[in-house]
Structures are given as structure tokens and as C-alpha cells.
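Novice: Taken in sequence, the protein lines are chains S and V. Sequential numbering from 1 applies to the first sequence in the working numbering. Sequential numbering from 1 applies to the second sequence in the working numbering.
Treat the hints as calculated values from the structure; they're not laboratory data. Every residue gets a Cβ at the ideal spot worked out from N, C-alpha and C, and that includes glycine. Take these hints with a grain of salt, some might be off.
As the list claims (entries may be wrong) - Cβ-to-Cβ under 8 Å is the rule here; a few derived chain V residues that face chain S:
hint, residue
1, HIS11
2, PHE13
3, SER91
4, GLY92
5, ASN167
6, GLU250
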Amino acid sequence: MSMIHTEALVRRFRGGVIAVDGLDLDVEEGELFGIVGPDGAGKTTTLRLLAAIMKPTGGIATVAGYDTVREAEAVKREIGYMPQQFGLYPDLSVEENLNFVCDIFGLEGEERRRRIDELLGFAGLSEFRKRRGGHLSGGMQKKLVLASALIHKPRVLLLDEPTTGVDPVARRQFWEMLSELHSGGTTIVVCTPYMDEAERCNRVGLMYEGRMIVCDTPAALKRMLPGVVLAVSVPPRAMIDAEQALRRLPGVLDVQAYGDRIHLIASGPEIRPELEAVLAAEGIKLLDLRPVPPRMEEAFIYMIRSRGS
Amino acid sequence: MRTHASNIIRHTFAIARKEIWHIIRDPISLFLVGFGPVIMLIIISYAFAVEVRDVPTLVLDLDRTEASRELIERLDATEVLDVIGTADDMSGVERAMDARMARVAVVIDRGLEAMFPAPSGDLLGMVAQLAALAQVGDRGLPVSYIVDGTEPISAETAIETAIKETNAFLVERARALLDMLPSSMQNLPEVQRAREQLETPIALEVITHYNPEEKTLWDLVPAMIAIVLTMPAMSVATVIAKERDQGTLEFLVATPAARLAILTGKMLPYVLIGVFNVLLMYLAAVGVFGLPFRGNLLLYVALMALYEFACLAIGLFFSIVIPNQEAALWVSLMFFLFPGFFLSGMFFPIVAMPLEMRMEAMSFPVSGGVFISRSLFLQGVGLDVVWWAVGILIYVGAIMLALSVLFFKKRIA
Ligand SMILES: Nc1ncnc2c1ncn2[C@@H]1O[C@H](COP(=O)(O)OP(=O)(O)O)[C@@H](O)[C@H]1O
Ligand SMILES: [Mg+2]
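Sequences and hints are given; from them, build the entire structure.
Specialist: If you want it as C-alpha cells, here you go:
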């Protein structure tokens with residue numbers, strides 16, 4: 001039995017938007033599962049449906065064996081949910097926020113003290129006990145919410161963009177925390193817009209317009225990219241012109257500028273002569289051209305593009 | 001494994017504790033909920049307790065005697081009444097009242113002078129007639145008053161002053177006549193008895209029962225206590241919308257906190273604040289305004305806490321069905337304060353309303369609160385008199401809490 005199981009899960013909003021459109025998903029116990037997708041893809045809605053705080057308009061979902069509609073409160077005892085926005089009280093201190101959650105879960109006395117100390121240490125917030133939630137940095141707020149969501153040692157963690165708006169150092173620390181929880185056996189579903197984060201998951205699902213268009217391990221997803229990724233270097237002044245020219249090239253699936261290089265997804269390496277010809281016709285000097293291993297991002301862009309066409 | 005009931009209690013205290021933190025953290029809201037009601041009470045009571053002075057008074061003197069002239073002079077000499085002129089007949093009185101030139105009219109019929117004994121040889125007969133004045137009552141008195149009731153507070157003061165002055169006039173004139181008897185008669189038992197009888201005020205019937213000092217402020221203050229106790233309910237009306245706006249509701253509803261507990265937990269601190277306010281206002285009423293407290297203080301606080309609970313339950317319901325803080329605040333303001341002032345019998349006595357409106361007014365919790373507050377404060381009565389208002393409050397509170405639980409979903413959108 002999967003830890004999370006959905007069948008034809010649908011959420012339609014008034015006004016006709018279908019935020020989740022027939023989702024079939026199974027997440028196994030102990031898995032670290034990533035959901036990626038552009039804004040508005042339905043990631044948040046999916047997590048809310050799993051957290052039993054939103055009713056589906058179709059299909060079913062079970063979390064830790066409980067139905068999210070009929071046994072919503074049982075689901076809530078098993079999960080730790082981290083909303084996309086800061087969900088704790090800005091006027092309460094770090095310690096008070098944690099105490100409140102302990103109050104809810106009935107953690108008392110020595111057990112409570114130990115748990116709070118442990119989580120503050122885990123989240124690196126020990127020196128900020130007295131600081132108000134609203135006065136924490138974005139990264140510390142995220143860690144505080146995670147710590148709060150962990151008070152009752154949930155079997156399932158549902159994290160909605162836990163590192164969005166967080167500096168790179170805090171992001172890394174946050175992922176170290178997730179790795180630790182993952183090795184402790186917690187099932188984690190994490191929504192993220194960052195592809196490098198997706199790479200760290202056991203499996204990743206790509207959501208697009210309410211559907212999960214692919215779902216596999218990062219390595220398998222990258223292998224799905226049919227062509228090759230070529231890194232093209234041109235003089236800095238010619239970057240924009242080069243990008244335009246490459247876009248017009250037949251057999252090019254996507255073009256993306258990264259600093260002084262242009263990555264293009266092409267159907268195969270045989271595109272090379274045409275590419276050189278196009279750049280030469282524009283009077284652009286080709287400095288370097290070499291195949292590079294595909295990134296997650298490129299795999300997803302390809303998949304979304306190929307769906308659109 | 002804990003039972004469900006103990007979960008609800010634990011969650012209630014968890015939410016209540018958090019709510020207290022919120023209130024303490026925000027000094028302005030702490031001050032407003034903690035001291036706003038007593039400050040409002042003092043300000044409004046002072047504002048309404050304006051001194052009534054120089055109410056324009058018209059006289060229709062059909063007796064045209066020394067006695068009637070003396071009475072008119074006495075009325076004019078009071079601070080409250082100002083005799084602006086005399087009318088020739090009743091239609092003149094009505095015209096002046098309709099034109100609002102006069103707010104009070106005093107009609108002295110023929111027979112005022114005749115109430116006092118004419119000088120004669122029958123001195124003992126005179127004494128007997130004077131003694132009888134003490135029992136005259138308002139039916140036997142050829143003086144009547146007409147008052148414009150559109151401003152009840154000044155009307156009441158004016159009429160009370162006129163009656164008191166008429167009383168004093170009758171008593172003093174009778175005693176002056178007794179004093180004029182020859183000194184040989186002063187020690188007669190009949191004369192002494194007549195003096196004693198005239199000692200107590202003449203039993204004119206329009207006398208306020210539970211407010212013998214005739215202070216309208218005394219009616220006002222207990223009513224205001226009930227009305228300003230709706231202020232915490234207005235704060236509660238914003239609590240759910242506030243959690244929704246700041247995004248904390250999403251975290252809260254994803255925890256196993258029980259629905260009922262979230263709602264009662266949010267109310268509990270405000271009930272305690274209400275009790276604190278009641279005690280503070282009780283002290284202000286007694287200390288600042290000199291009201292006597294005639295009831296049982298413990299019962300008073302308990303019933304006011306119940307009343308606060310009913311108001312909070314309504315505020316909470318608004319907070320659940322109105323998704324926006326500002327709108328929730330306005331709706332509760334319009335619901336509690338405006339009809340509160342009018343229906344609570346502060347300006348228009350509830351007994352003067354038609355029956356259906358009376359029922360409606362009484363099922364409006366503020367009216368019940370005003371009724372209970374006045375009854376316990378001034379009349380010193382207990383549950384045997386106010387039980388039905390208590391019943392209405394329990395009913396309203398329970399229904400509104402039940403509706404709140406029904407409408408409050410542990411879901412977003
Ligand atoms: N409460 C809501 N009411 C109406 N539409 C909504 C609501 N929540 C989300 N949507 C719509 O559903 C779609 C998916 O939103 P969301 O799940 O927030 O996507 P993501 O988290 O991937 O950015 C969007 O088009 C969004 O506008
Ligand atoms: Mg989102």
C-alpha cells in the first residue's frame with residue numbers, strides 16, 4: 001500500500017479553472033518525491049488536496065491509508081504540512097509558535113522541552129528562540145514552519161515551495177534537513193520551481209496545466225530527452241542575434257541563454273554544419289560548440305514544448 | 001489514547017493561550033479591549049447626563065388666585081423649568097406645544113386656592129382640612145402637566161421637577177397656614193398630627209419606583225454597561241478573517257485542532273476580558289457615577305459573562321461567514337451598536353413599543369443584556385425576574401455557536 005495514493009483526482013474551481021486534472025499518483029513510504037512545474041500548474045492545489053484542507057471535485061486521495069475527505073482529521077494527524085506562504089504567527093516568538101503547536105498535539109513537560117530543543121537545533125534556530133516570527137528572515141521562517149510541522153513526528157511531509165525566496169546558503173541547509181528526514185524514513189512530497197532541487201528527489205513529477213505529464217527518476221527523465229544539448233559560445237555582443245538565428249534553425253527544440261553560452265536542444269549532433277552556416281550568414285563568430293549532458297530543466301522544457309506543439 | 005472530549009478541551013486551551021498572546025502582543029488592541037468599554041461608558045454617560053435646564057414651560061391658569069400665582073412663581077424659580085408665558089385656553093396650549101415653543105405645559109384648574117381653608121372662626125376645621133392635604137393624591141389635585149416626550153430624558157426631568165415643586169408648594173403653604181394659628185393652639189394634638197402628616201411628601205402618584213432620586217443617569221449607566229460590552233464581540237468578528245488574511249489559517253486547518261475548539265478557544269479570552277470589563281465598569285458606575293448596586297455582584301458578573309458569550313458567538317459567526325476583516329467589523333458595528341442604542345430601551349422605553357417589536361427587541365441580545373444589567377443593578381432583583389432574558393441569551397449564544405461550528409470548515413476555499 002502506497003503512503004500516498006490518488007486516483008483520477010480532480011479539483012475544479014468556480015469560474016471553470018481545473019487546477020488538478022485527473023491526477024493518478026502513488027508515493028511509496030520513505031520516498032522523497034518532487035513536484036515541479038511552472039506557476040499555475042496546480043502544485044499547490046495538489047498539496048492542499050493531499051493535506052485534506054481542500055475537497056477534490058472528483059477522484060480520491062488517500063494519505064497514510066486515510067481518505068482525505070472522509071477521514072480528513074486522521075490524515076492531519078499523520079502529516080506535516082508547510083504552506084507556500086509563511087503559515088505561522090508573525091506576532092508570536094519562535095518559541096511561542098512551537099509551544100502552540102505542542103499545545104495542539106498535546107506534548108507536555110519534559111517531552112515538549114526536549115522536542116523543542118531538538119527541533120530548534122535541527123533548524124539552526126536555537127539563538128532565535130525569542131525572536132518574533134515576523135522578524136525572521138525568509139529562510140528562518142521556512143525553517144521555523146518546517147520545525148513546527150515536525151513537532152508530532154509525522155510520517156508524511158507535504159512541503160510547498162519550501163525554499164522559494166530563500167538565499168542559497170539557507171536553501172542548502174534546508175535540503176540538508178530534508179535529507180536527514182528522508183534518511184530517517186519520512187515520506188516527503190516537495191513542490192519546487194528549482195530544477196537542481198528536483199535532481200535530489202527519488203522521483204520527480206512534472207505538472208503542467210493540472211496534469212502530471214511525466215513522473216520518473218531524475219536520470220530516467222533526462223534520458224527522455226530525444227536529442228542532444230549543445231553549448232554554443234559566441235562573442236558577448238552577438239548573443240542576442242545568435243539566439244534569434246538559432247531559434248529559426250530547423251530541428252532545434254529549444255534555445256536558452258546562460259551567461260556567455262547558449263544551450264540548444266537539437267534533434268541530434270548532425271545539426272552542426274547547418275548551425276555553423278546560419279551563424280556565418282549572420283556574421284557571428286562561433287567560438288566554441290560542444291555537447292553537454294542534459295539538465296533536468298532542459299528535459300522539462302522539451303517535454304512541455306513538445307506537448308504544446 | 002485520549003478521548004475526543006479531552007482533545008477538544010486541550011485544543012480549546014491551546015487556541016485560547018495563543019489568542020491571549022496575540023492580544024498582549026498588540027498594545028493598541030490590548031488597550032482597546034481591556035479599557036475601551038469602561039472609557040466608552042464614562043464618556044457616553046457624561047455626554048448623555050447633560051443637565052436639563054430652562055425647559056420652556058407654558059402655563060394655563062384657570063384658578064387665577066394667589067395660590068396659583070405662587071405655584072407658577074415657584075415653577076419658574078427652578079433651574080429646570082422656565083415659564084415663558086401663559087395661555088388663555090387649552091387650544092392655545094396645544095398650538096404652543098405643536099409649534100414646539102413650549103415643551104411642558106402646566107394647567108391649573110379652578111380649585112387650587114379652594115384646597116386651602118379660607119380664614120374662618122372654625123380653626124380646628126381649618127387644621128383638619130390642612131391635614132387632609134397630605135392625602136390628596138394626584139386625582140384630587142387640580143393641577144395637570146403636559147409634556148413633549150420626543151426627548152425622553154429632558155421630558156422626564158422636567159415632569160419630575162414640576163411634580164416635586166408642586167408637592168413642595170402644597171406642603172409649605174399648608175405648614176405656613178398652620179404656623180399662623182395662634183400660639184395657644186400650636187400644642188394641640190390635632191395641629192401636631194397635621195404637621196407630622198405634612199412631613200412626608202404628598203402622595204402624588206407619578207413617582208419612579210427603583211430610582212427614587214430620579215436620576216436618569218442611573219438608568220443610563222447600567223444600560224451602557226451592556227451596550228459597550230459588545231465591543232469585544234466586534235474584535236472577535238475579525239479573528240477568523242485575520243488568520244485567513246495573514247495566511248495562518250492554512251497551517252491551522254492542516255493540524256488536527258478540533259473545529260469547536262478553534263472557535264471556543266478564540267472566544268474564551270474575550271469572555272475573560274468581558275468579565276474584567278464588567279468589574280471595571282461596576283467600579284466606575286459605583287465610584288464615578290455614585291450608583292448604588294442593589295443586586296448580587298456574583299450573579300451580575302456571571303450573567304454579564306453569559307451575555308458577553310452570546311454577543312461573542314454572534315461576532316464569531318460574522319467572522320466566519322464574512323471573509324474580509326473590514327467588512328466583518330462594519331457588519332458587527334451596524335449589528336450591535338446602532339440597533340443596540342435604539343432597541344435596548346435607552347432612548348425609547350421598551351414598554352412603549354408595540355408587542356411584536358418588543359419581542360423582537362428582547363430576542364436581540366443587547367436588549368436582554370440591558371434588561372438584566374438594569375434589573376440587577378438598580379432593582380436588586382435576581383433570577384426569578386430576569387430568567388426569561390437569561391433563557392434568550394443562552395438560546396442565542398448556543399444557536400450562534402452551533403451555526404458557527406456548522407459554517408466553519410477546516411478547509412480553505
Ligand atoms: N482558490 C482558488 N480559486 C480559484 N482558482 C484557484 C484557486 N487556487 C488556485 N487556483 C487556480 O488554479 C491553478 C493552479 O494553481 P496552483 O495550484 O496554485 O498552482 P501552482 O502552485 O503550481 O502555482 C491556477 O490557475 C490558479 O489560478
Ligand atoms: Mg504554488
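Novice: If a hint holds in the structure, say so; if it doesn't, say that too.
Specialist: Each hint, compared with the structure:
For V/HIS11, the shortest C-beta to C-beta distance to chain S is roughly 6 Å, which falls under 8 Å, so the interface hint holds. The beta carbon of V/PHE13 is positioned within 8 Å of a beta carbon in chain S (closest approach about 7 Å), and the interface hint is therefore held. Taken as an interface hint, V/SER91 does not check out: its beta carbon lies about 69 Å from the nearest beta carbon of chain S, beyond 8 Å. Hint status for V/GLY92 relative to chain S: violated, with the closest Cβ pair at about 69 Å, above 8 Å.
At a threshold of 8 Å, the smallest CB-CB gap from V/ASN167 to chain S is about 62 Å, leaving the interface hint violated. A cut of 8 Å between beta carbons decides the hint on V/GLU250: the least distance to chain S is about 4 Å, and the hint holds.
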